[in-house]
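Each residue of the sequence shown is one higher than the one before, counting from 1 in my numbering.
It should be emphasised that the hints constitute simulated quantities derived from the structure, not laboratory data. Do not rely on the hints blindly, as some may be mistaken.
With beta-carbon atoms standing in for the labels, derived distance ranges [as the list claims (entries may be wrong)]:
#1 ARG379 - ARG472: 43 to 53 angstroms
#2 ASP382 - ALA469: 33 to 43 angstroms
#3 GLY533 - ALA246: 47 to 57 angstroms
Built from N, CA and C at the ideal position, the CB exists for glycine as well.
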Amino acid sequence: MTNERSNEELLHPREASDGAPPSCKQAKLGRRLGDLVNEIPGAKLVSGDPSVFLTGVHHDSRRVCPGDLFVARPGARTSGERFVAGAIGRGASAVLTASGVNVETNGLPRIEVADVPSALAYASAAIYGHPTFALEVVGVTGTNGKTTTTHLVQACLAAAGQRPGIVGTLGYRFGDLDLPSTHTSPEADELARIAAAMHLRGATHLVMEVSSIAVAARRVEAVRFRVAAFLNLTQDHLDYHGTMEAYAEAKARLFVDLAPGSAAINVDDPFGPALVRRLAPRGLGGPSSATIARFSTRVGISTEEADIAPVSVEHTASGISLVARTPAGQLSIRSPLVGAHNVQNLLATVAICWLLEIDLHAAARALSGPIRVPGRLERCDDPARDDVIVLVDYAHTPDALDRVLHSVRAFGQGRVHCVFGCGGDRDPKKRPLMGEAVARGADVAFVTNDNPRSEEPRAIAEAILPGLAGGRAIVHVELDRAKAIERAVLEAAPGDVVLVAGKGHEPYQIIGAVTLPFDDRIEAERALRLRRGEA
Numbered sequence: 001m002t003n004e005r006s007n008e009e010l011l012h013p014r015e016a017s018d019g020a021p022p023s024c025k026q027a028k029l030g031r032r033l034g035d036l037v038n039e040i041p042g043a044k045l046v047s048g049d050p051s052v053f054l055t056g057v058h059h060d061s062r063r064v065c066p067g068d069l070f071v072a073r074p075g076a077r078t079s080g081e082r083f084v085a086g087a088i089g090r091g092a093s094a095v096l097t098a099s100g101v102n103v104e105t106n107g108l109p110r111i112e113v114a115d116v117p118s119a120l121a122y123a124s125a126a127i128y129g130h131p132t133f134a135l136e137v138v139g140v141t142g143t144n145g146k147t148t149t150t151h152l153v154q155a156c157l158a159a160a161g162q163r164p165g166i167v168g169t170l171g172y173r174f175g176d177l178d179l180p181s182t183h184t185s186p187e188a189d190e191l192a193r194i195a196a197a198m199h200l201r202g203a204t205h206l207v208m209e210v211s212s213i214a215v216a217a218r219r220v221e222a223v224r225f226r227v228a229a230f231l232n233l234t235q236d237h238l239d240y241h242g243t244m245e246a247y248a249e250a251k252a253r254l255f256v257d258l259a260p261g262s263a264a265i266n267v268d269d270p271f272g273p274a275l276v277r278r279l280a281p282r283g284l285g286g287p288s289s290a291t292i293a294r295f296s297t298r299v300g301i302s303t304e305e306a307d308i309a310p311v312s313v314e315h316t317a318s319g320i321s322l323v324a325r326t327p328a329g330q331l332s333i334r335s336p337l338v339g340a341h342n343v344q345n346l347l348a349t350v351a352i353c354w355l356l357e358i359d360l361h362a363a364a365r366a367l368s369g370p371i372r373v374p375g376r377l378e379r380c381d382d383p384a385r386d387d388v389i390v391l392v393d394y395a396h397t398p399d400a401l402d403r404v405l406h407s408v409r410a411f412g413q414g415r416v417h418c419v420f421g422c423g424g425d426r427d428p429k430k431r432p433l434m435g436e437a438v439a440r441g442a443d444v445a446f447v448t449n450d451n452p453r454s455e456e457p458r459a460i461a462e463a464i465l466p467g468l469a470g471g472r473a474i475v476h477v478e479l480d481r482a483k484a485i486e487r488a489v490l491e492a493a494p495g496d497v498v499l500v501a502g503k504g505h506e507p508y509q510i511i512g513a514v515t516l517p518f519d520d521r522i523e524a525e526r527a528l529r530l531r532r533g534e535a
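Could you build all of it, start to finish, from the sequences and the hints given here?
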């Protein structure tokens, strides 16, 4: 199934799922062109009939349907105006372009704007009925931890009797809606369609991962956030942002420019206190008036520095025992998640729930239950049959690798083997840093392919190797990822831990321009069968 289901499928469900109230089934979607122009900042109708009624919006000319507005958005390699004729051929009813461009619309109405990406967001929100005005939207941003935190928040909301949808790396899901993701945060038109579809099916909340790229590219420009949460900021996406300063400012825009109703901020990260200071004029108070909830993983931090923090934390191979102080009193959580990084995710979730006025004791009970997040320290071995522990994790940044490698030490008594690589056509500066993280945290390293894309795999590996030099890890280079996983599992001694890092839940590998089926979990399970002598 592709993400681009038709408007008919997404926005006119045959029956709202899970007993949604009848009012949620009545779609008031679409906009008269003249009214739409007034909802897009700086827009001007330069030609055409303002009474034309628009029922959808797309930036991809291949997806245009009759009645749609086609937005000629500039791309990385080409101009959106090149695709106007194709969109008209597919039945577009109007076209939106950048100001001053010369494009033939065959008499169709045309809107001009100075900022096409922002206009796409505002037009999409308006045409699809401003769905985020009707939903309580939670946006979670941070280099690491977004996926786990959004799943934890979703579980807490469901336990409290709410009906949350989720949008992020693992897909876009609510009720009968289950779409694979192409981006951590969808394009603006797709996001508006998905939010509208969830609302029509009876959702009360939308919990979404918000990437820095989505903020910079204006994908969430027209989203109304009830709560935005900041987890952390470490090196990633510099191929897009260029500098850490630009990366940080993209994160900050979610809080400073998009004006969420409230914010949960990790004050352990150096960027967190600075962000609090930028937001401080908006005030701080109890759940009915709070705009900022500061959280920390530091035991003993003062209430002047953090509103939510641990009183005690105990880590074991079976999970985390956490007592946290909150503005609503102390909470006890016994989570099956492992690792210090998940203490941060748990406390971020508590902060978000407090800002949403969710009963925190109900949230603590949900967080103490079994919550599975695919590809996040996902265990592939069978403790009853295997003498090694094999884990698959999405860690693909230096900071995430550091944290996860530290966490997996608790799983076994022996050595830690790490299978990892770096994605091609992505930030090359982090490659030696990934090697350094593995040199610090692993005993045996297998450098292999991740998604090399258009780059030469061996060149990527050679960029990683300097970071491994001088570390304690024994280093192997095996560019065939399946063979690297197999070798790590077969060569591990009883009691060892094998961490396969970087791809997590992904069921594919991108080599050149081809996307091939490949799943680290399937390969790990195959290697375990070989180790048992079953294959």
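The hints, checked one at a time:
no.	hint	verdict
1	ARG379 - ARG472: 43 to 53 angstroms	violated, 25 angstroms
2	ASP382 - ALA469: 33 to 43 angstroms	holds, 37 angstroms
3	GLY533 - ALA246: 47 to 57 angstroms	holds, 53 angstroms
Violation of the numbered hints given earlier is confined to hint 1; every other hint is satisfied by the structure.
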